[in-house]
Structure formats: structure tokens, C-alpha cells
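A.B. asks: Here is what each chain is made of, one letter per residue.
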Amino acid sequence: MNINLFTQRDETTWEIPASGRMRVPAIIYADRSLIEAMDDKVYQQITNVATLPGIVGYAYAMPDAHWGYGFPIGGVAAFDPDAGGVVSAGGVGFDISCGVRCLHTGLGADDIALAREALADELYHRVPAGLGSTGHIHLGPREMDDMLNDGAKWAVKQGYGTPEDLERTEERGCMRGADPGQVSEKARYRQRKEMGTLGSGNHYLEVQYVDQVYEEPIATAFNLHQGDVVVSIHCGSRGLGHQIGTEFLRLMATSASQHGIVLPDRELACAPIESEIGQSYLGAMRSAINCALANRQIITHLTRQAFKTVFPGTQLHLLYDVSHNTCKLEPHATDGETRQLYVHRKGATRAFGPGHPELPAALREAGQPVLIGGSMGTCSYILAGTAESEQRAFSSACHGAGRAMSRRQAKRQWRGAQIIDELKRQGIIIRSPSLRGVAEEAPLAYKDVSAVVDAADYAGLARKVARLRPLVCVKG
Amino acid sequence: MTTIPRWEHLEHGADIGVRGYGSNLAEAFIQAALSLSSVVTDLDKIDPGESVTVECEAPEFDLLLLDWLNEIVYQMATRNMLFGRFEVQILGHHLQARLFGEVTDQAKHQPAVEIKGATFTELKVYQTGAGEWVAQCIIDV
Numbered sequence: 001m002n003i004n005l006f007t008q009r010d011e012t013t014w015e016i017p018a019s020g021r022m023r024v025p026a027i028i029y030a031d032r033s034l035i036e037a038m039d040d041k042v043y044q045q046i047t048n049v050a051t052l053p054g055i056v057g058y059a060y061a062m063p064d065a066h067w068g069y070g071f072p073i074g075g076v077a078a079f080d081p082d083a084g085g086v087v088s089a090g091g092v093g094f095d096i097s098c099g100v101r102c103l104h105t106g107l108g109a110d111d112i113a114l115a116r117e118a119l120a121d122e123l124y125h126r127v128p129a130g131l132g133s134t135g136h137i138h139l140g141p142r143e144m145d146d147m148l149n150d151g152a153k154w155a156v157k158q159g160y161g162t163p164e165d166l167e168r169t170e171e172r173g174c175m176r177g178a179d180p181g182q183v184s185e186k187a188r189y190r191q192r193k194e195m196g197t198l199g200s201g202n203h204y205l206e207v208q209y210v211d212q213v214y215e216e217p218i219a220t221a222f223n224l225h226q227g228d229v230v231v232s233i234h235c236g237s238r239g240l241g242h243q244i245g246t247e248f249l250r251l252m253a254t255s256a257s258q259h260g261i262v263l264p265d266r267e268l269a270c271a272p273i274e275s276e277i278g279q280s281y282l283g284a285m286r287s288a289i290n291c292a293l294a295n296r297q298i299i300t301h302l303t304r305q306a307f308k309t310v311f312p313g314t315q316l317h318l319l320y321d322v323s324h325n326t327c328k329l330e331p332h333a334t335d336g337e338t339r340q341l342y343v344h345r346k347g348a349t350r351a352f353g354p355g356h357p358e359l360p361a362a363l364r365e366a367g368q369p370v371l372i373g374g375s376m377g378t379c380s381y382i383l384a385g386t387a388e389s390e391q392r393a394f395s396s397a398c399h400g401a402g403r404a405m406s407r408r409q410a411k412r413q414w415r416g417a418q419i420i421d422e423l424k425r426q427g428i429i430i431r432s433p434s435l436r437g438v439a440e441e442a443p444l445a446y447k448d449v450s451a452v453v454d455a456a457d458y459a460g461l462a463r464k465v466a467r468l469r470p471l472v473c474v475k476g
Numbered sequence: 001m002t003t004i005p006r007w008e009h010l011e012h013g014a015d016i017g018v019r020g021y022g023s024n025l026a027e028a029f030i031q032a033a034l035s036l037s038s039v040v041t042d043l044d045k046i047d048p049g050e051s052v053t054v055e056c057e058a059p060e061f062d063l064l065l066l067d068w069l070n071e072i073v074y075q076m077a078t079r080n081m082l083f084g085r086f087e088v089q090i091l092g093h094h095l096q097a098r099l100f101g102e103v104t105d106q107a108k109h110q111p112a113v114e115i116k117g118a119t120f121t122e123l124k125v126y127q128t129g130a131g132e133w134v135a136q137c138i139i140d141v
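Chains as they are written, first to last, in our numbering: chain A, 1 to 476; chain B, 1 to 141.
Please note: incorrect hints may appear among the correct ones.
Calculated lysine-lysine pairs in the DSS-like style (CA-CA distance at most 27 Å, straight line) [said to hold, decoys possible]:
#, chain 1, residue 1, chain 2, residue 2
1, A, K424, B, K108
2, B, K124, A, K186
3, A, K411, B, K124
4, B, K45, A, K41
5, A, K424, A, K411
6, A, K308, A, K424
7, B, K45, B, K108
8, A, K41, B, K108
9, A, K411, B, K45
10, A, K411, A, K41
11, A, K157, A, K308
Covered stretches of chain A (chain B as the covering partner; in silico rule of three or more C-beta atoms under 8 Å from a C-beta of chain B) [stated by the list, open to error]:
#, region
12, 250 to 260
13, 361 to 373
14, 402 to 412
I should point out that these hints are in silico values taken from the structure, not numbers from a laboratory.
Cβ coordinates follow ideal geometry from the N, Cα and C atoms, glycine included.
Produce the entire structure from the sequences given, and follow the hints as far as they go.
C.D. replies: Here's what the structure looks like:
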């Protein structure tokens, strides 16, 4: 991207002044090389977001921003319901509440060295992964409603976890305001065999170890120490979320003009928060958030079973669970007053700073864990929310690496078997049902997550706490 | 109906696009559907032994393409099937189709990725100056 398009505020803050139909300015957080490498489409998309009714402050793009649908992936925008603000199905995306959770294992890298193959087999055997895999839990209509209402809380009630898990999940594991009545029969039907499945694409379950600690006091508060083995689970709301996204995207795109909304791009599909469609979407989208939370909770249960089989007596405690495709009602201080705003984070992670009342007591002083997934075979990071992130981007940070290369290019360049062998030489075990899938997810097909995390840290969006390196990766 | 491969994939940073060409609208929709299936697996790996019938209707051709592709995605997801051959009839703005394929076998098909849905991004259905139909959009995977 041409940096002359921006007014540079500091090392990592690039502002686009409001012009044309933009109601507010836009800001991209990135270092110079990230912004130079960023797709021009991010500029176009973030300025489009800035034209939407009721937007507050700025339209933001995170350091990992790339070309998305309507919103860029890595887009953050807040809307005021009292100022005609909108809710956008395009601003949440298809994989509603896709996110990451991280579990402590209580084991060290040395403890698992000799049993890594067995652990990989056990995890791969227990956690359904890839297209065509089905879960073991099939829900009837009543149970489906309960799950959509209560999320991870429902899953824990069914025996798939502990009340402590809920403390360590956004929304305490249960998104309020879900309205399962707004979830179509098609969406329910699509989900019926998909509870407790990982999915495919960039979703994974990884066994990792803490390879570097940057911020000792926060790492201690997060109970992370050099050499600790953790498990990260990255997946979302499965078919239910995809179907809700599909249906509301079409409905909002085709009805926008009835609400007097001019869409610069149909993919920005939205409706006024206070409209019937807006409320209907919020009810369905929050149900999908619960579906994602329940799904990650069930996979947590399967992961615990796998660990107990290979390492009897191990206890896996949840560090935290974050979602990165959501729209949430949150209080934010803007222009000297606190307002309730609908914050869209599309490929962006909530990053509440120290003292935030939403955080469980054990984490409140340190700030919210911000879990950043890398690509297969590369590092992941754990950051912590900062106080200044509230002013920087409504308490939001980046979510991952973002692709550097299309699937088609990756498939042309690598073979799956070659990638698996290469990673094995580096001490990383891959289990996947699809060699083609592995080739398309090749580590070098993604951007360098470290540069993204450094920029987020520098910009004050979140503080770097620890780096994780993979040992085992189950890939869908 | 002809099924000479006349489709391609569009480059998209995070995802992938599908594009089909045809001498008429129905043919372009068939080719776009083949392009969609080949995002997941190689078409020649799909045995077209079982068939499913679908219908959709939309006020504009581009919405009809969106609905058509999303209907295939839905059938793939809920029947756990992959489709390698399509028959399509379009009358006015009403589409009727048969999808031919088989139940997904991970070992045989090596499915690369699951498709979440068709998007409005790059969604276009148009006729070129030479009279050829083009049907395309980006899909989220």
C-alpha cells in the first residue's frame, strides 16, 4: 500500500482523514513494512466501513489486516444504537465467534518428549477434524435450544468441563441475549452432527510449549513458565454459524435500501440495530456465539480425555477463551462520556486491560489474555490487554498471521507430504486427514506472525507476554 | 448439456474465488459449481452415482448465483457429500438442478477445505461482448 495515502501519527498509527462519504476517519495500526505489504483492498474496505451509519470514533484495522468481505479481516468498528447505528452480518463474518482457547497441561516439554507420537494419535483419534468428520453428540430440538441459549455453560452442565472453565471464558461461557427462535431450521439442521468438531481450513488443535517469556509478572499471573506445555484450540461455530452468516448477509444486503442505507459494497450488509432485522440478527448471532463456546468446551473435554489416556492423572486447566469474529454490546468511554456501543471485531480479538470488571478475579490485575494463533508449524503468542487499548481501538488487538499467499499458489508450490516431513525434522508432528489441506496451509503461505505481534505491542493494543512453539498439530 | 471444463479459480488473499463460463446462463452456473467443488477436491475423484434435486429463485441473476452456490454448500454440509456433475435449468429467475456425487471419503477425496459460504465479494453474472456468460464470486473457506 502507498504510505502517502496516510497521515502518520506515530511509528505504528496510520490515519486516513474522513473524506467523501466517510463519517469518521480510519486508522490502521501497523509498522511501516507491514503497511507497505498490506493489500490496497484494506484501505478501500476500512474507508467503506467508515461510511456506515452510527459509527463512533474511528474505523480501525489491526496490524494483521487483509482483504476480507465488506470489512477487512482485522477490522474493528463500534456503533451507537442511539445515533442510528447498525449491526452488520458482514462485519462479523461467516464463522461467528471463531476463536482460540488455551489450556495449561501441568506438563513440561521434557515430560512429553517420548510420548509425542502417542499423544498426537490419541488427539487425532478423539477430536473429529476435517471435512466430512462428525461429532459424537447429536442434539434434539430441545437440547439444541438449550445449547444455543447457554453456550459453554450448557456444555459444562452436560459434563464436558468444570465451572472453573466458565470463569475463564468470555461472557462467563454464556452469551446473554441469544434468541434461538431466530436461528433457522436450515442452520440447526446443518449443525446436528457438528458439535465437538474442529472443522477445516486454518482451524487446528495444537500442543505447544512456552519457548520465551517477555513479561515475567504477567506470565506468572497467567501461570505460564518457560518450557510449560499448553494446548491451543482454534475453531468456531461450525455449520450453524456459517448458515446464519449466509442467510443474514443476503437479507441485510437486499434490505439495506429499505432502511435508507447506501452500501458502498453489498458485503457490508447491515441493518439498524433498532430494526426488526437488526434485532433478529443479534438474537441469531448470539446463539451462534454460544454454539462456538459450547463447541470449544466439548473439544476441551475430548482433549482432556486424550491427555488422561497418555498421561494418567494430568489435569488441564483453562487459561482463557477468546473469540475473534463477533459483535458485542460493551460500555466505552468516548468524548468524555460512557456509552453502550455495539463493537464489531472481524478477525480481531477483544483485549480488556487490567482492572476490567469482565475479567475473572485471578486475571483482573494482569489484564485479559489475548491469544494469537500462528500458522501451522510457526509460533503463536500470548499477549495481555492494556489500559491504553481502550483509547486505541475500543480494547481490541490482532488475531493471527493472515495469509501471504492464496490457496491456489500454495497448492502449486508445495505437496502435503513434503510439508509434513519438513516439520517432522523440526520436531513438529502433524496429523491431518488431507495432504492437500496441509499443502494449502503451508507455514510459508502465511505472513510472519511475529511482525504482527510486535506491531500490536508497540501500538499499545496489547502487551507481548509469551511465545509458544508447536510440538503437535491436529489440522482439519 | 456440455461439461467441457470451462471454469477457473480467482485469487483472493485469504480465500478463493470461483468463475464459470458458458454459452448460456445455465452452463455458466454449472461451470461455477464445478469450480466450487474443485476447491474441495479433484473432480475426477468424485463418483457421480447419487443425485440430489434442488431449486432456488431470486430477483436478479447475481443473487440467483449466490443462492445456487449456497444451496450446493448446504447440500455438501448436511449430506456429507461431494458433487462432481451438475444439471441446471433456468427459467426466468427460477433455477432447478440435479447434483450428482457421493458421500465424502476423507482417504479417497483428501478434502482440502470446508466451504463456509458464497459471498457478495466479486459477485457478478454478466454476458461479454461476444455473448458468453460469466458467473463468479469469492467463497469463504
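A.B. asks: Work down the list of hints and note, for each, if the structure agrees.
C.D. replies: Verification of the hints:
1. A/K424 to B/K108: holds, 24 Å
2. B/K124 to A/K186: The given pair, whose Cα atoms are some 26 Å apart, holds under the 27 Å limit.
3. A/K411 to B/K124: holds, 26 Å
4. B/K45 to A/K41: violated, 36 Å
5. A/K424 to A/K411: holds, 20 Å
6. A/K308 to A/K424: holds, 24 Å
7. B/K45 to B/K108: holds, 7 Å
8. A/K41 to B/K108: Measuring from Cα to Cα gives roughly 38 Å; hence the hint is violated.
9. A/K411 to B/K45: holds, 17 Å
10. A/K411 to A/K41: holds, 24 Å
11. A/K157 to A/K308: Satisfied, since the Cα-Cα distance of roughly 21 Å is no more than 27 Å.
12. 250 to 260: holds (count 3)
13. 361 to 373: The restraint on the region 361 to 373 of chain A is violated, since only 0 of its residues have a Cβ under 8 Å from chain B and three are required.
14. 402 to 412: With 7 residues close enough to chain B, the hint holds.
Going through the hint list in order, the structure does not satisfy hints 4, 8, 13.
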